[in-house]
Amino acid sequence: MPGRLFLAKFARGLLTVWLIVTLTFVALNLSGDPIEALVGDQAPAEVIAHYREKFGLDRPLWQQYVSYVAGIAQGDFGLSLSDQRPAIDLIAAALPRTLRLGLTAFVLGLVLGVGLGIVAALNRNRPIDRFVMSFAVLGFSLPNFFLGILLILLFSLHWRLLPSSGDQTIWHLILPAITLGTHFAGTFARFTRSAMLEVLNKQYVVAARAKGVPRPRRVLWHALPNAAIPIITIIGLKLGDLVAGSIIVETVFAVPGVGRLLVNAVTSRDFALVQAILIMTSITMVLANLAVDAIYALIDPRMRAARSER
Amino acid sequence: MKISTIGKTIPGILLGTGLATLACSGAIAQNRPDITVAVNELARSLDPGENTGNVDIRIYYSIFDTLIRRDFARPKADGAANLVPGLAESWSWTTPTTFDLKLRRGVTCHDGSPFDANDVLATFSPDRLWGPKAYYPEGRVYFGNFTNVEKLDDFTVRITVAQHDPIMEHRLSSYMSFVLCDEPWNAFRREGAGSKVWMDQAAKALRWKPVGTGPYSFVDYQKNDRITLAAFDRYFGGQPAAKTITFRSVPEVAARVAGLVAGDFDIAVELPPDQWDGLKRYKDVSLKTEPLENSHVLQFNTNDPLLADKKLRHAMSLSIDRKALIDALWKGQTFTPNGHQLPSFGPIYVKENKGYPYDPALAKKLLAESSYKGQEISYRLIPNYYLYNVEAAQVIQEMWRAVGINARIDFVDSFKEVRKPGAQVFAWSNTYRVPDPSGAILTLWGPDSENQKTWKLYGASPAFNDAAKELTAETDEAKRRAIFAKLLTAFEDDMPMTMLYNPVTGYGVKKGIEWTPYSQYYMDFRPSNFSLVAK
Numbered sequence: 195m196p197g198r199l200f201l202a203k204f205a206r207g208l209l210t211v212w213l214i215v216t217l218t219f220v221a222l223n224l225s226g227d228p229i230e231a232l233v234g235d236q237a238p239a240e241v242i243a244h245y246r247e248k249f250g251l252d253r254p255l256w257q258q259y260v261s262y263v264a265g266i267a268q269g270d271f272g273l274s275l276s277d278q279r280p281a282i283d284l285i286a287a288a289l290p291r292t293l294r295l296g297l298t299a300f301v302l303g304l305v306l307g308v309g310l311g312i313v314a315a316l317n318r319n320r321p322i323d324r325f326v327m328s329f330a331v332l333g334f335s336l337p338n339f340f341l342g343i344l345l346i347l348l349f350s351l352h353w354r355l356l357p358s359s360g361d362q363t364i365w366h367l368i369l370p371a372i373t374l375g376t377h378f379a380g381t382f383a384r385f386t387r388s389a390m391l392e393v394l395n396k397q398y399v400v401a402a403r404a405k406g407v408p409r410p411r412r413v414l415w416h417a418l419p420n421a422a423i424p425i426i427t428i429i430g431l432k433l434g435d436l437v438a439g440s441i442i443v444e445t446v447f448a449v450p451g452v453g454r455l456l457v458n459a460v461t462s463r464d465f466a467l468v469q470a471i472l473i474m475t476s477i478t479m480v481l482a483n484l485a486v487d488a489i490y491a492l493i494d495p496r497m498r499a500a501r502s503e504r
Numbered sequence: 054m055k056i057s058t059i060g061k062t063i064p065g066i067l068l069g070t071g072l073a074t075l076a077c078s079g080a081i082a083q084n085r086p087d088i089t090v091a092v093n094e095l096a097r098s099l100d101p102g103e104n105t106g107n108v109d110i111r112i113y114y115s116i117f118d119t120l121i122r123r124d125f126a127r128p129k130a131d132g133a134a135n136l137v138p139g140l141a142e143s144w145s146w147t148t149p150t151t152f153d154l155k156l157r158r159g160v161t162c163h164d165g166s167p168f169d170a171n172d173v174l175a176t177f178s179p180d181r182l183w184g185p186k187a188y189y190p191e192g193r194v195y196f197g198n199f200t201n202v203e204k205l206d207d208f209t210v211r212i213t214v215a216q217h218d219p220i221m222e223h224r225l226s227s228y229m230s231f232v233l234c235d236e237p238w239n240a241f242r243r244e245g246a247g248s249k250v251w252m253d254q255a256a257k258a259l260r261w262k263p264v265g266t267g268p269y270s271f272v273d274y275q276k277n278d279r280i281t282l283a284a285f286d287r288y289f290g291g292q293p294a295a296k297t298i299t300f301r302s303v304p305e306v307a308a309r310v311a312g313l314v315a316g317d318f319d320i321a322v323e324l325p326p327d328q329w330d331g332l333k334r335y336k337d338v339s340l341k342t343e344p345l346e347n348s349h350v351l352q353f354n355t356n357d358p359l360l361a362d363k364k365l366r367h368a369m370s371l372s373i374d375r376k377a378l379i380d381a382l383w384k385g386q387t388f389t390p391n392g393h394q395l396p397s398f399g400p401i402y403v404k405e406n407k408g409y410p411y412d413p414a415l416a417k418k419l420l421a422e423s424s425y426k427g428q429e430i431s432y433r434l435i436p437n438y439y440l441y442n443v444e445a446a447q448v449i450q451e452m453w454r455a456v457g458i459n460a461r462i463d464f465v466d467s468f469k470e471v472r473k474p475g476a477q478v479f480a481w482s483n484t485y486r487v488p489d490p491s492g493a494i495l496t497l498w499g500p501d502s503e504n505q506k507t508w509k510l511y512g513a514s515p516a517f518n519d520a521a522k523e524l525t526a527e528t529d530e531a532k533r534r535a536i537f538a539k540l541l542t543a544f545e546d547d548m549p550m551t552m553l554y555n556p557v558t559g560y561g562v563k564k565g566i567e568w569t570p571y572s573q574y575y576m577d578f579r580p581s582n583f584s585l586v587a588k
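Chains A and B, in that order, are what the protein sequence lines are. Residues 195 to 504 (the numbering used here) make up the first sequence, in order. Residues 54 to 588 (the numbering used here) make up the second sequence, in order.
Take these hints with a grain of salt, some might be off.
Said to hold, decoys possible - With a Cα cut of at most 25 Å, we get these calculated DSS-like pairs of lysine-lysine:
1) Lys248/A <-> Lys257/B
2) Lys248/A <-> Lys473/B
3) Lys186/B <-> Lys248/A
4) Lys469/B <-> Lys248/A
FYI, nobody ran anything at the bench for these hints, they're computed from the structure.
Next up, chain A with everything else stripped away, as it sits in the complex (with noise of 0.2 Å):
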């Protein structure tokens, strides 16, 4: 990617984590108060008013909000107001197990969803395209929260068979990586049929049949690449998906990863705690996004031809 065009979308990056820093500063200020959820329903006002000097609540927002983002710019994300720890510690203890469980899903949905995908594509209108289909559809519409409490009661309530919640052993990791996996493999064959379907009835494609080359490498070598540019959009918007998409599945099978800590966070109003996660999740977000582009211009030649006409 040229210099020129990799510092626009850096600052197009920038612009995206300010924004979404201003949002979230105005969002949980506007709907809660993070000290009453700290001391309860019943405490007196003077409690109320130490602890709101003690955390500097009581200061006005604006001076908070300079204050926090000047923090930011020094790589102060500030203190957890429910934990007392630097808020950044604790997203750099917690992540390592969003990390193991997200990418396990992820593998487990990308191996499934292309595969499944490819399968259908190949099968098209045949009984089991459909059948391929309307598991994608049911992948990606159930929500997780349901499927997820749907194999606990049957594998951890009914069967025995594996343990309901949370990460202690890989036994631990099977449930909720079929729950996150699932709603990715979903997503993916669906799009993977879409894309293959379209280059299948390629006129190389044709060709290549023509000449006789196999039926695998047709599709692994002729087909498949061509089909790539959708797939990765997608995986790329998924791969920056995968600590907001695991809130849900961490929660309902208490995996103490980034997604409980952002939804305690969220609970208890600790604003310092709610905005790093989500500075974090934007900043994977936009650094997925340009990964992607990359590897279009990798894997495009045309679009490396385009860029350099330009």
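Since the structure of chain A is provided, determine the placement of chain B on it from the hints.
Using the frame of chain A, we list chain B on its own:
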């Protein structure tokens, strides 16, 4: 056997027996199980001065002790709170304003240091709990009457108060009175540093490194994952029954139930009534429910132009069928207190007080006599802040409609929003933190309460405020009861709130575990309340 041989043999036998006993108790200690408790949320911190929420106290109750203990499992015959020795063996008023406590000897702190009067002084220091600028401002709510805490000797402490306090023993067994060990706390004291500065450092350092005298000591904490405690075998109340207790954070009810049934957890907390019937199907799990010392109430803003009409407020209260609510929402497992009081108030409890009756006919009559002309009344609530508060609001809305009261449910985000101008009716809860009016109705509704002074939602009658002042000044038990009866009558006549019910908390417990839940959120794993029986 010659004397000299006996002289050598007896110590040998004693030593051998001692070693065998030690080895045996060691073996028992090693065989003790690890217990896992699935909780909806972990403690925000293990600092008993900073956090006193449900999620906090249930965990640090095993780490810290109080000077005097309330034996929840064994109340008195009339239901009164039963106070028993804790870290203090005995106590008495030596003058109307001096309260002496004799401390228990042989108690050891989790850091190995011996417990004595210095630990009590560190806990109840004015800078920490009760002085004008106390580090923990909530301490003043309980101990604002203190004027001095001094050590008479290593095991005797004297507390001096400004005015005789008839419920001093209850205060010392309640929230904010958990005794911490002085060495780790005072280690942060610096010459010349203000108390707020060094206590801030101490509190930050110890909030996840608590040092108390309780049956379990702190081991580790992983945010949103677990808090682990280990048996403290030198606990003065005997050897704890579990080797470790891990409180595991499992926010989803379905996952807590599934984990309990599957054997991942030994106890699951906060199981709502809709799970109770399902749980009863499993033979290896038992359900324990306990109404809490907390009441869900509906507050009326007596200063609102519409609700200023007392007849309307009475009509609203009279038209609520509380039994129907309790049967529908709580499976009949709780009750509506007869006034702002509980049987645990003991000698001051006014058993004959009627409280808040259901009488729709009288409600209609009062409504007809009132100035109410069918205007819409705002009923504010924070959705799901209290269990079933939305469902209760919808049912109450219909009960009111049946007598001609037109209410609109308004969902808001916080109590700041609940109490902002325009407040008419809203859902609130009242906790009986000390089993006495001074720990409940006087704090929440009295002349100095936020309701009267800050929020200005309760314009109390002189009858109520006079009775409240009289009750605060009175120390004689019989006279206090008579004044309290008068106060309850005035309060119910003023009708700034109506009582709904006390919520119930449900616990799922694996068979083989002997454990009793309490009417407060404390989870007691002391040997007197927690044991394991062979299956």
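* Holds or violated: Lys186/B with Lys248/A, Cα cutoff 25 Å? -> Given pair Lys186/B, Lys248/A holds - Cα atoms ~13 Å apart, limit 25 Å.
* To do: Take a quick look at whether Lys248/A and Lys473/B sit within 25 Å of each other, Cα to Cα.
  => Satisfied, since the Cα-Cα distance of roughly 24 Å is no more than 25 Å.
* Is Lys248/A within 25 Å of Lys257/B, Cα to Cα? -> Holds: Lys248/A and Lys257/B sit about 13 Å apart, inside 25 Å.
* Straight-line Cα separation of Lys469/B and Lys248/A no greater than 25 Å? -> holds, 19 Å
In the structure shown, no violation is registered for any of the earlier numbered hints.
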